[in-house]
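Engineer: Single-letter residue listing:
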Amino acid sequence: MSGGTVRRATPRESGRSALDRKFARLGWGFATPALVVVLAVTLFPIAFSVAMSLSHVTVSANGFQLSGMTTDHYSLLLGSDRWRHAVVFTVLYTIGTVIAELVLGTLIALVLEQLSGGRGWMMALLLLPWAMITVVSAQLWAYMYNGVYGVLTALSEWLTGTPFQFLGTPTPAVLSMAAADIWKTTPFVAIIVLAGLMMLPSDVVEAARVDGASAWTAFWKVRLPLLRPALVIAVLFRILQAFGIFDLPFVLTGGGPGDATESLALLGWHVMFTNLDFGPGAAVAASTAALVLVGCLIFLRAFTARVGDEETQT
Amino acid sequence: MSVLLTATACGSAGANAASVDPRNVGPASGDITWYAINFGPEGFPEQLIAAFEKAHPEISVDFQPAPNNTDTMRATLTTEITGGSSSIDVYNADLVWPAQFGDAQLAMPLDEHLPDDFWDRYPDERADLTEYQGEHLAAPLYVDSGFLYYREDLLEKHDLPVPGTWQELAETAKFLQDENEVDYGYVGQWANYEGLTVNWTELSAAAGGRSVAPDNDEAAIDSPENRRVLDFMRRLMDEGIVPSASTSFQEQQSLQTFVEGEAAFHRNWSHGWGMANDPLASQVVEKVGVMPLPGFDGGEEVGPSAAGGWNLMVNPHSKAIGASLVFIDWMTGPDAQRMMAENSVLPASEEVLNDRALQRENPVLEVAADLDLVARPAKTPRYPQISHGIYTNINGSLAGSATSASALRSAADDIQRALEDRAL
Numbered sequence: 001m002s003g004g005t006v007r008r009a010t011p012r013e014s015g016r017s018a019l020d021r022k023f024a025r026l027g028w029g030f031a032t033p034a035l036v037v038v039l040a041v042t043l044f045p046i047a048f049s050v051a052m053s054l055s056h057v058t059v060s061a062n063g064f065q066l067s068g069m070t071t072d073h074y075s076l077l078l079g080s081d082r083w084r085h086a087v088v089f090t091v092l093y094t095i096g097t098v099i100a101e102l103v104l105g106t107l108i109a110l111v112l113e114q115l116s117g118g119r120g121w122m123m124a125l126l127l128l129p130w131a132m133i134t135v136v137s138a139q140l141w142a143y144m145y146n147g148v149y150g151v152l153t154a155l156s157e158w159l160t161g162t163p164f165q166f167l168g169t170p171t172p173a174v175l176s177m178a179a180a181d182i183w184k185t186t187p188f189v190a191i192i193v194l195a196g197l198m199m200l201p202s203d204v205v206e207a208a209r210v211d212g213a214s215a216w217t218a219f220w221k222v223r224l225p226l227l228r229p230a231l232v233i234a235v236l237f238r239i240l241q242a243f244g245i246f247d248l249p250f251v252l253t254g255g256g257p258g259d260a261t262e263s264l265a266l267l268g269w270h271v272m273f274t275n276l277d278f279g280p281g282a283a284v285a286a287s288t289a290a291l292v293l294v295g296c297l298i299f300l301r302a303f304t305a306r307v308g309d310e311e312t313q314t
Numbered sequence: 001m002s003v004l005l006t007a008t009a010c011g012s013a014g015a016n017a018a019s020v021d022p023r024n025v026g027p028a029s030g031d032i033t034w035y036a037i038n039f040g041p042e043g044f045p046e047q048l049i050a051a052f053e054k055a056h057p058e059i060s061v062d063f064q065p066a067p068n069n070t071d072t073m074r075a076t077l078t079t080e081i082t083g084g085s086s087s088i089d090v091y092n093a094d095l096v097w098p099a100q101f102g103d104a105q106l107a108m109p110l111d112e113h114l115p116d117d118f119w120d121r122y123p124d125e126r127a128d129l130t131e132y133q134g135e136h137l138a139a140p141l142y143v144d145s146g147f148l149y150y151r152e153d154l155l156e157k158h159d160l161p162v163p164g165t166w167q168e169l170a171e172t173a174k175f176l177q178d179e180n181e182v183d184y185g186y187v188g189q190w191a192n193y194e195g196l197t198v199n200w201t202e203l204s205a206a207a208g209g210r211s212v213a214p215d216n217d218e219a220a221i222d223s224p225e226n227r228r229v230l231d232f233m234r235r236l237m238d239e240g241i242v243p244s245a246s247t248s249f250q251e252q253q254s255l256q257t258f259v260e261g262e263a264a265f266h267r268n269w270s271h272g273w274g275m276a277n278d279p280l281a282s283q284v285v286e287k288v289g290v291m292p293l294p295g296f297d298g299g300e301e302v303g304p305s306a307a308g309g310w311n312l313m314v315n316p317h318s319k320a321i322g323a324s325l326v327f328i329d330w331m332t333g334p335d336a337q338r339m340m341a342e343n344s345v346l347p348a349s350e351e352v353l354n355d356r357a358l359q360r361e362n363p364v365l366e367v368a369a370d371l372d373l374v375a376r377p378a379k380t381p382r383y384p385q386i387s388h389g390i391y392t393n394i395n396g397s398l399a400g401s402a403t404s405a406s407a408l409r410s411a412a413d414d415i416q417r418a419l420e421d422r423a424l
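Just so you know, the sequences run in chain order X and L.
Mind the numbering: the first sequence is residues 1 to 314 in this note's numbering, read in order.
Mind the numbering: the second sequence is residues 1 to 424 in this note's numbering, read in order.
Hints in this document: simulated from the structure, not taken from any laboratory.
Beta carbons are placed, not taken as given, at the ideal position from N, Cα and C, and that holds for glycine.
Honestly, I wouldn't trust all of these hints.
Stated by the list, open to error - If you want the footprint, here are the derived chain X segments under chain L, 3+ residues with CB under 8 Å:
(1) 115-125
(2) 146-154
(3) 220-226
(4) 291-297
As the list claims (entries may be wrong) - Covered stretches of chain L, going by a simulated chain X footprint (3 or more residues, C-beta under 8 Å):
(5) 133-139
(6) 256-270
(7) 284-292
(8) 331-337
(9) 400-414
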């Protein structure tokens, strides 16, 4: 965030009274139990899982026993086609679905913004797919895609004469799964973008109009740059969720056909709970976390660089 | 415990009773929890419990239904038992679990607590499947096998014989499709999951192939016999005898297709019989015949069926092992096994399975008693990776992403890695 923005004095800089400090202490006192809980339920499992990925793990009725440091689990991953395939699939799937959701969500938000009445109803309807539990909606899609009695299969047969196999062959299976995901999560993007649109200062757009900008220019040059913060939030949330996709492949394809739709999360689950290999399973989980972290950092960096460009232009 | 042991059908408990220490296993009374996927007709596990509690009023059993998916159930059990929980005492365990569960100590070895002749109630090969490193880890509860269901009415109408080999099945199926009797010739379970390993094991064995060498140390899937089988499966799909949707078919989808009258032949477990003859669910009531799976040209006359079924295992953390053993003894004994046979669940007990009167009532029982069985290569804790190596490569090839030759090469590679503990 180079230059440009006005710095406001923070309370700390304006000096703190004894009362402020007392409230601050009280605040910490109230927050501590919650912090402890958060640390216990987030940091501990993460630390334990990283430790597990780096040690020899014995699973037995007495629980997990960790002994000795090893990087074997990671070399197992790196030497495994199955892991490499899951990484490529998960990365491409995330990029593809997030871009589609971003474009569709923004379009829907722009349409909703133009509505004068009934926006509340429209939003409630729109949110239905998103509010539905993923396993349930995945089950619903599984019925629609079913190769014999699925309604979409029947529709394709009616249109083309032969029933199309949505989940039976690799590429259609990936695209069908992505479609179910986009159907479910586009509303989330739309709502966030709509909220962003509502917060835009109307005078800026009016000024652009007065200056003779077309609706398209006004959107592309004025409103979209101002919408960036909302878009960034939507994209970050979606990257995090799409990267951890589990329910859809679990219900729709079981990772198949072959290994076409095996995501990293599904792979990790299989390694841990089907093979009972907790060390390598933890390594899959840790690799997933590392990759998604890198992905988010790259995205944020690219985004802030563009904000910089924008500011130097104006 | 002596109550349990004298109650066993095979008797001769006295000598062994001394090896059982009630201080170790606890009293043969109290409350136990039984964790299982629902099986048999609606409410059947509860009926078994009611009968058990009548016979053993000193023990009360709480039935805890498991999610209807073997993998999810295994995940839950692993979490519970490794976490040290004793909330489950006895659980139903898939036939292919003993080696893996034994290796991870998720099941209690039973030999110390059960008399030697306990295992006489089962056919030898069935009892063997519960052994890992010389110890029985599970007591077979019920068995299951692959059966071929076929449209008896259509064969009679066109005066056709039941097929003896898979090739004849394909021809008959094609004929019935061409006559517009059915949309599809054959449906099985060819989706990307354990069920495909089962279907594959049967077909491969019929042609004289296998996936792992007999002493479990080498992949054997890349063979001319198996090449022939996979080419045959792919041909069935290419010619439309098997629906192209088959690569996403599990038990339920294939059964659905068959009971709606859309397929001439269908491979499924024993419950296919009840479902096909259920007027509420089926369009083909009383039009269906059942037989062993066919052989392969040049191989045996009758093809082998995969051994399936469920065992009972004991949570090593159970606080009521004594009562759990009584429960296991009764559930695998004649009363409970007869109840199963009468409710279309195939009994594990040799005596009940061969009961002529019961066989007359349920033809599946009669076919089951004489089946030639083939086991999946599950005698190693690495079985899940081996099975994964089989089903993903076969499924991928059926879905058109690899030729038969390269699918089998890659399956052999995956299996070899699994056997050498180098597989993810």
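Engineer: Each hint needs a verdict: does it hold in this structure or not?
Structural biologist: How the hints compare with the structure:
no.	hint	in the structure
1	115-125	violated (count 0)
2	146-154	holds (count 5)
3	220-226	violated (count 0)
4	291-297	violated (count 0)
5	133-139	violated (count 0)
6	256-270	holds (count 4)
7	284-292	violated (count 0)
8	331-337	violated (count 0)
9	400-414	holds (count 3)
Going through the hint list in order, the structure does not satisfy hints 1, 3, 4, 5, 7 and 8.
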